[in-house]
Amino acid sequence: MTPTMLSAIWIFLSISIALGQLLSAGQTDWIVHGNLSQGLFANCYLQECQLRSSLWPLFTLTIYLFGISLLFFSSLIAIPYLIFTNNAKPIEISANAQLIGVFFMGLTVISVPIMNIEEIHCTANQLLQSHYCRYDLLNTKKY
241 MTPTMLSAIW IFLSISIALG QLLSAGQTDW IVHGNLSQGL FANCYLQECQ
291 LRSSLWPLFT LTIYLFGISL LFFSSLIAIP YLIFTNNAKP IEISANAQLI
341 GVFFMGLTVI SVPIMNIEEI HCTANQLLQS HYCRYDLLNT KKY
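First residue of the sequence shown? That's 241 in the working numbering, and the numbers climb one at a time after it.
What the hints contain is simulated information worked out from the structure, not anything from laboratory work. From a predicted model like this one, the values you see are computed outputs, not experimental measurements. Positions of the beta carbon are idealized from the N, C-alpha and C atoms, including for glycine. Honestly, I wouldn't trust all of these hints.
[To be verified] Label pairs and their calculated CB-CB ranges:
1) Asn275 <-> Thr244: 48 to 56 angstroms
2) Phe324 <-> Tyr285: 50 to 58 angstroms
3) Leu298 <-> Ile340: 16 to 24 angstroms
4) Leu316 <-> Tyr285: 33 to 41 angstroms
5) Ser294 <-> Leu262: 20 to 28 angstroms
6) Gly266 <-> Gln290: 16 to 24 angstroms
The whole structure should be built from the sequences, with the hints applied where relevant.
Encoded structure:
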């Protein structure tokens, strides 16, 4: 494979990951315990949801969206340089921006379980045991 082909595959995969993460940010449920669920920006009981008004969840959501945007737009900006030039410096800058974006998204995913899980009556130990509280990353609730 030529370096251009590898770069094209890398950019395509980066855009795909960014779009997948954007869909993940749009889902409402991240941690589920019975009829209670906790998302990045809302707590829900059955069909009633209350927006999370504390600073930490909103900051976490902002960092997550910033990471997604950085990953997506740095990939889009690298496409013309990949097609029309042989200069690797802009693609290197794009790769560094993507690394920062993925770091922000990773921090967000790690910090979701520590965001007041008492609001949905879960403890940290129960979160580790799937029959008490569970991650609902595919948004597939079973009632």
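Now the hints, each set against the structure:
{"no.": "1", "hint": "Asn275 <-> Thr244: 48 to 56 angstroms", "verdict": "holds, 52 angstroms"}
{"no.": "2", "hint": "Phe324 <-> Tyr285: 50 to 58 angstroms", "verdict": "holds, 54 angstroms"}
{"no.": "3", "hint": "Leu298 <-> Ile340: 16 to 24 angstroms", "verdict": "holds, 21 angstroms"}
{"no.": "4", "hint": "Leu316 <-> Tyr285: 33 to 41 angstroms", "verdict": "holds, 40 angstroms"}
{"no.": "5", "hint": "Ser294 <-> Leu262: 20 to 28 angstroms", "verdict": "holds, 24 angstroms"}
{"no.": "6", "hint": "Gly266 <-> Gln290: 16 to 24 angstroms", "verdict": "holds, 18 angstroms"}
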